[in-house]
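Residue numbers (my numbering), protein chains in the order written: chain A, 78 to 371; chain B, 66 to 341.
These are calculated hints, taken from the structure and not from any lab test.
This one's a predicted model, so the numbers in the text were calculated from it and none came from an experiment.
Here a beta-carbon is modelled for each residue, glycine too, at the ideal position from N, C-alpha and C.
Watch out, some of these pointers could steer you wrong.
Facing chain A, according to a computed beta carbon distance under 7 Å, are these residues of chain B, among others [what the hints assert, rightly or not]: (1) Pro109; (2) Phe112; (3) Val185; (4) Ile190; (5) Met227; (6) Tyr329; (7) Ile331.
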Amino acid sequence: MTRAMSRNARAAYLFLTPAILGLVLYTLLPIAGIVGMSLTEWNGLVAPAFIGLGNFRELFTQDMFFFTSVVATLKFALFTVAVGTVYAFFVAILLNQRIYGRGIFRSIFFLPFIVPSIGAVIVWAWMYESNFGVFNFLLQTIGLDKVKWLGEEATATPALGLMTVWGFGNFIVIYLAGLQGIPRTYLEAVEIDGGNAWHKFRHVTLPLLSPVILFNVLTGVVSNLQVFVPAMAITKGSPNGSTLYMVYYIFRTGFQNNRFGYSAAISLVFFAFIALVTATIFLSSRKWMFYEGQ
Amino acid sequence: MKTRKMNRIALTALLALLGAACLFPFFWMLRSSLMGNAEIYNYPPVFWPKTMRFGNYPSALTLFPFGRYFLNTMMITVPSVFGILLTSTMAAYALARIDFPFKRAMFTLVIASMLMPGTVTIIPIFKAWVAVGIPGGFIPLIFPAFLGGGAFNIFLSRQFLMGIPKDLDEAARMDGAGHVRILVQVLLPLLKPVLISVGLFAFILYWNDLLGPLIYISRNEQNTIAQGLANFRGGFGTDYKAIMAASCMAVAPAVAIYFAGQKYFIEGIVLSGLKS
Chain A
78 MTRAMSRNAR
88 AAYLFLTPAI
98 LGLVLYTLLP
108 IAGIVGMSLT
118 EWNGLVAPAF
128 IGLGNFRELF
138 TQDMFFFTSV
148 VATLKFALFT
158 VAVGTVYAFF
168 VAILLNQRIY
178 GRGIFRSIFF
188 LPFIVPSIGA
198 VIVWAWMYES
208 NFGVFNFLLQ
218 TIGLDKVKWL
228 GEEATATPAL
238 GLMTVWGFGN
248 FIVIYLAGLQ
258 GIPRTYLEAV
268 EIDGGNAWHK
278 FRHVTLPLLS
288 PVILFNVLTG
298 VVSNLQVFVP
308 AMAITKGSPN
318 GSTLYMVYYI
328 FRTGFQNNRF
338 GYSAAISLVF
348 FAFIALVTAT
358 IFLSSRKWMF
368 YEGQ
Chain B
66 MKTRKMNRIA
76 LTALLALLGA
86 ACLFPFFWML
96 RSSLMGNAEI
106 YNYPPVFWPK
116 TMRFGNYPSA
126 LTLFPFGRYF
136 LNTMMITVPS
146 VFGILLTSTM
156 AAYALARIDF
166 PFKRAMFTLV
176 IASMLMPGTV
186 TIIPIFKAWV
196 AVGIPGGFIP
206 LIFPAFLGGG
216 AFNIFLSRQF
226 LMGIPKDLDE
236 AARMDGAGHV
246 RILVQVLLPL
256 LKPVLISVGL
266 FAFILYWNDL
276 LGPLIYISRN
286 EQNTIAQGLA
296 NFRGGFGTDY
306 KAIMAASCMA
316 VAPAVAIYFA
326 GQKYFIEGIV
336 LSGLKS
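With the sequences and hints as input, model every part of the structure.
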């Protein structure tokens with residue numbers, strides 16, 4: 078018995094070797110790496126010089142971009158996930174009604190999900206273009222003034238967020254599958270008690286889908302805090318740092334300005350920041366999550 | 066009965082309107098790629114070109130060598146997808162079908178690393194590649210795909226494997242099969258749907274990646290499609306008809322892949338979101 082067990086254990090760990098190596102080489106060691114590098118001044122050409130907490134002192138007391146960058150990133154992720162969740166839920170509910178051509182519509186709404194973000198950014202930037210863009214044409218058609226969508230602090234992040242929400246086709250498909258899994262009897266029970274569509278939504282649909290919502294919100298926030306392409310390809314952090322998203326800031330500091338120690342320090346703080354946001358969402362979910370059988 | 070049908074038509078119309086808005090950027094990209102210089106900068110905008118200028122495509126190709134970029138992207142994507150399928154299936158098999166010490170801990174570790182933000186570690190990983198003497202090229206982009214294939218994919222395959230009866234393994238073991246044979250001969254054929262889903266998502270991920278190539282590929286002749294497109298946009302910021310033609314070419318393969326494997330995309334998404 079123990080021999081079979083140890084044979085199994087050996088096989089299991091052999092099968093897991095690549096994954097364990099990945100965890101060590103691509104997560105644990107690099108995190109140790111950013112901790113170490115963050116304590117140095119390093120231009121990548123000469124040997125790194127140990128400067129203690131100098132980078133962090135600079136980060137928190139002198140670097141005016143850093144705080145701007147944190148705020149911009151948080152705004153982008155929260156806007157995108159909030160608007161995206163409402164959008165995806167709304168479309169999924171529509172798709173779950175008695176309609177014609179559900180399959181075709183589902184394909185259409187999912188399609189933007191697979192578009193390379195650089196392609197999406199390019200075409201949306203062209204639509205947002207302030208002189209010839211189609212968005213301003215629509216605004217003028219309904220009698221409003223033109224807006225410099227990507228050129229003003231107030232609109233740049235929401236505009237890029239809207240573009241990102243367009244790609245949330247995966248959320249729609251997930252919510253739709255969740256909706257289709259809700260037992261009809263639950264909804265009928267609300268009807269028998271004289272409840273309307275809102276009651277069904279509030280007391281059956283929402284609680285039953287809350288674990289799915291939590292999953293989507295968590296993965297959505299973590300991935301959108303790491304937004305990079307729009308800042309890199311179009312806005313370069315402008316106007317006034319309002320799109321200076323963290324990953325772009327890390328990239329620019331490291332690979333373009335050759336300050337590897339400093340960009341490691343930013344990475345480390347960014348890591349802590351993501352962990353904090355994730356933990357906050359997770360803990361708050363105890364208040365709004367519904368566990369079946371509770 | 067009549068109001069029911071009216072309802073159905075009204076809801077379908079609302080969805081058609083939203084769907085049209087959703088498709089609009091695709092339409093706008095195509096429409097802009099077929100216009101002349103004067104027409105594309107017309108205001109108010111023209112909705113469809115008077116004559117479709119397909120010549121924009123060949124002329125974009127002189128500055129945006131799609132064939133070369135396509136090959137480069139494939140040279141990264143194909144081995145990476147293979148590595149992801151291979152190593153994530155191996156890990157999933159261990160986690161779903163074998164009993165071994167610290168199994169729960171290993172599984173928890175996999176789940177936890179799903180939330181690990183990969184972009185945090187780009188700086189030390191790049192420096193490590195420099196230290197081992199491979200500061201750039203395709204290898205640093207392909208290599209990580211062979212290290213477990215991503216927590217998410219392991220999780221997906223593991224969930225799928227949990228749904229397959231274990232009697233199959235037992236029967237094969239009676240016939241003297243070891244773990245490798247059980248996995249390859251018995252389970253692999255049954256895993257086809259989830260493998261296709263994982264493969265397609267991995268393909269799209271690598272196809273669309275921009276950050277990786279920007280870090281590791283500097284020589285123009287090694288550029289990927291996404292990278293080439295970003296450079297093209299940067300260098301020819303105002304020649305929108307050429308940029309749109311290049312964008313159409315860059316987006317087309319992803320769209321083609323999607324329509325070829327639509328069913329598996331949807332199934333993969335559903336599996337990932339609901340079995341958690």
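- Message: Tell me the hint numbers this structure goes against, listed in increasing order.
- Response: 2, 5 and 6
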